[in-house]
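Undergrad: Use the sequences and the hints to build the structure in full.
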Amino acid sequence: MFWVLLLLLAWAFAGTACARLCLAAVRAAALDTDVPDAAPVTLTLYEAAFLSGGPARVADVTMVSMARQRRLLLAHTGWATVVDPRGRDEIEQSVIGAIGPEGQERIAPVRARAAGAAAVRRLADRLERAGLAVADGAGTTVAAAVRQVAAAGLAVVALGVTALLLPLPSGTPRLLVGLWFALPVTLCLSCLVIARFEVHPYSRWASPAGLRLLGALTRRPAGDERSFLTSVALRGIRAIGEPELRAAFTHRDQPWRE
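At position 130 of the sequence shown (counting the first as 1) the number is 1419 in the numbering used here, and the numbers step up by one without a gap.
Hints may be right or wrong, so weigh each one.
Claimed, not checked - Computed spacing ranges between beta-carbons, pair by pair:
#1 Gly1405 to Leu1454: 46 to 52 Å
#2 Thr1370 to Val1315: 44 to 50 Å
#3 Gly1504 to Arg1357: 23 to 29 Å
#4 Thr1475 to His1540: 45 to 51 Å
#5 Gly1386 to Phe1291: 55 to 61 Å
#6 Arg1485 to Leu1464: 26 to 32 Å
These are computed hints drawn from the structure, not numbers from a lab.
Using N, Cα and C, we set each Cβ at its ideal position, and we do this for glycine too.
TA: Set out below in structure tokens:
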């Protein structure tokens, strides 16, 4: 009867993951209220970047903006060089500080340091207080819960295959065992389908109110430069059409290089 233990384990995986998804959906619904009056009517470039891609996206759009203004040189070899050491706001100052006193550093560590800067954390706090961002560490988000349910479904399938490959007690049909394991798989698939149609879209960073503001931002016409930076804020570096500037972010050293 070892297959029964595997079945119980499968139900534990499926039940726990689906319960977490339900709780995450309830939390998302609680946040799905109108944007508070104190919240900004429109999003700034940094706010849109954070809600779309988190702290790293804020660092990316800041460096791209400074590079477009010729105040920061982003080489296709993956190096960032300061041209103008005076940051126009605290986010730009964080990027310059992340590059260091020598004025030149690899883009990857600069991106990581700038993303973890205090200025970006303050930006996140403001968006969270306005009800536009998901609280950091406030529990499982819907996006993470959906991934857990998908992983649980795969685990159940693996346990079911294992049970079918094991010797079964005499008189126990393998078809019946397979049907028992099909039940938790069906539960996981049902939760994924419901999540896809009922709580989609979901985001790791933006609350439902924040997602609505992002949707309004994508529909609003803007000038050429503003439109370009907005695309980078919303879509990341894949929105960069300039080959050399894109290569600066995607460059990877060969193993034999320092």
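Undergrad: Would you mind marking each hint as holding or not holding in the structure?
TA: Hint-by-hint comparison with the structure:
Under the hint 46 to 52 Å, the C-beta atoms of Gly1405 and Leu1454, about 47 Å apart, fit the expected range. The hinted range of 44 to 50 Å is satisfied by Thr1370 and Val1315, whose Cβ atoms lie roughly 49 Å apart. The hinted window of 23 to 29 Å between Gly1504 and Arg1357 holds, with their beta carbons roughly 25 Å apart. Hint check: Thr1475 to His1540, Cβ distance near 46 Å, so the stated range 45 to 51 Å holds.
Between Gly1386 and Phe1291 the C-beta distance comes to about 59 Å, which sits within the given range of 55 to 61 Å. In this structure the hint that Arg1485 and Leu1464 lie 26 to 32 Å apart at CB holds, the actual value being about 30 Å.
Every hint, counting from the list given before, is met by this structure.
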